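Let the hints inform the model, and build the full structure from the sequences given.
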Amino acid sequence: MTTITSVRGRRRISIPPPIVFALVLIPFLIEAVGVFWPAFQGISLSFLHWNGIGPATPVGAQNYVDLFSDPIFLTALKNTAIWIVLFGGISFVAGLGVAMLFQSERRGVGIYRTALFLPIVFSLVVTALIWGAFFQPNGVLNNILDAVGLHSWTHVWLGDSSTALYAVIVAALWREIGYVMVLFIAGLKALDPAVQEAAKVDGATAWQRFWNVTMPQLRSVNLVVLSVLIIDSLRSFDIVWAMTRGGPYHSTELLSTYMFSTAFGSHALGYASAIAVVIFVLAIAVIVSYLVRALSEEKES
Amino acid sequence: MTTTTAPARTATSHAPTTLRRRSGRRTAATVGFHTTGILISLAWFAPILVVLITSFRTFDDISANGIASLPRTFTIDTYVQAWNQGGLFQALVNSMIVTIPTVILTLLLSAAAAFGLSRFRIPFRRTILLLMLAGNLLPVQMLLIPVARLTQQVNVYDTLGALIAVQVAFGIGFYTFVLYGFMRTIPNELQEAATLDGAGTVRIFLQVILPLTRPALAALGALSFTWVFNDLLWSITLLQTSEKLPITAAVLSLQGQYVSSWSVIAAATVVAAIPSTIVFLLFQRSFIGGLALGSVK
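Residue numbers (the working numbering), protein chains in the order written: chain A, 18 to 318; chain B, 4 to 300.
Think of the hints as simulated: they come from the structure by calculation, not from any bench.
The hints are all genuine.
Cβ-Cβ distance ranges computed for the label pairs, FRET-style: (1) B:F127 to A:G264: 43 to 49 Å; (2) A:Y81 to B:R217: 45 to 51 Å; (3) B:F127 to A:R124: 49 to 55 Å; (4) A:H284 to B:T244: 15 to 21 Å; (5) B:E195 to A:P35: 16 to 22 Å; (6) A:L240 to B:F92: 42 to 48 Å; (7) B:Q260 to A:L46: 40 to 46 Å.
Given the structure is predicted, the values throughout are model-derived calculations rather than measurements.
Yeah, the Cβ is synthetic: ideal placement off N, Cα and C, and Gly gets one too.
Take a look at the structure:
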């Protein structure tokens, strides 16, 4: 390794002082023990039948086979897909929209931005409780509907299988859009304004400039935001757990909540691990593309 | 729209009219901008406002007039009740016991790793860096069962220490990656000068590099405070005793006990939101910078 670098870099071979290895290795080992090792164990657990107390029996891929005939798992899978499309999609579009709207420094813009990203500092549990007051049977939304004479529209929003998932998504969006806006504003600020000016001089309309100038320039930011949103969607747990615990009748069940209740409610540790591995497999493409990008940027600079 | 753009093309011949029309259009745009801005802000603030107001209302007022009505009462009994019977004080203490050491330890360890990786030619440093980042991107669900088991095996299950250890281990990768990017931009001459002056590696780290990394550390510190403080999943996975629960988990279990007492739950919600809001307001600039720092590089 040292010879290769010395040839390529044509620099003095400076062997780092031993203390440097300790500075790197200690954090790395902590992560190895707390993250990498458990991750491998998680995979191997998924090939077992185990309730955490008695002896574990190896069952091969049986857990995975069972998953695909488990209606709750399939519901959770479908809901996770809906979650990615609606939560991820709306966060992306709305986040980009408000970022375009509030990107330039002008009077009042600070307040509007603060309003949008203030919810980021609240925990998802706090968000859930805030929106719980909104969606409860005698909560704010139904009160308002009653007041404007739309009593027939009132609903047990979180208690009805047909509306609960969307109600939870609304709450989650309230907290995510401001975050996406911050990412996009940072991206927009890094763009060269001269390109915009040139397009303006050439007579491009605002819409044309957005699609043909801004969007191509934002490509790498778009990819980052999409990766973040997909990873966030797959990880989403707190808000659903706090609002509905996956109910009613599993209508808001996500892979993450089903994994949790299978593990710590039903103590089917092998089966729960298999669900966790499915989440991992779904995330892996995004994780890899994120890392590839990180690597290429690292090499560039 | 078309009527206003058409005369703009013949600007030279009708200079005064276009000017007037243009400024009229600009005023209209400004009004539209602020109307949109105010409406969005109101929509975003409204839920917070409702909870804030609800937390000061009596049970009777809400059950008689509904939660969306204007408040007719003012009480702080809700807070007293949440604070005393709900055990919020203990929960806040628990949150602080977990959050503060976690933030400090994570930043220190990540800064050390980032220092080694960015300032020295360590073999496989790129691989190490990406591996560490990859660890942070893993879905937490994969780790829950093995980590819970690990804490049982070493007898730290149901302790705040276990919570700290796990969150430090999980956070290190991301912070190292961000700090690495930051430290790499520090000019080499500073380090060389310090070396020539006879400063050792640890001294260079603590007295040269760390102070220069302060902006990134502030951003990550503010960010990680809210992340750790707001965590729910690890607390309900690793803790069992309700007296040990941090505030996020405690508030959630309070919701189960006070199912119909809106105002008590609202008060607890406000209490749970206060510490991270304070951190946000104190470090607003760093905080927002930090959010972008991690993702848009």
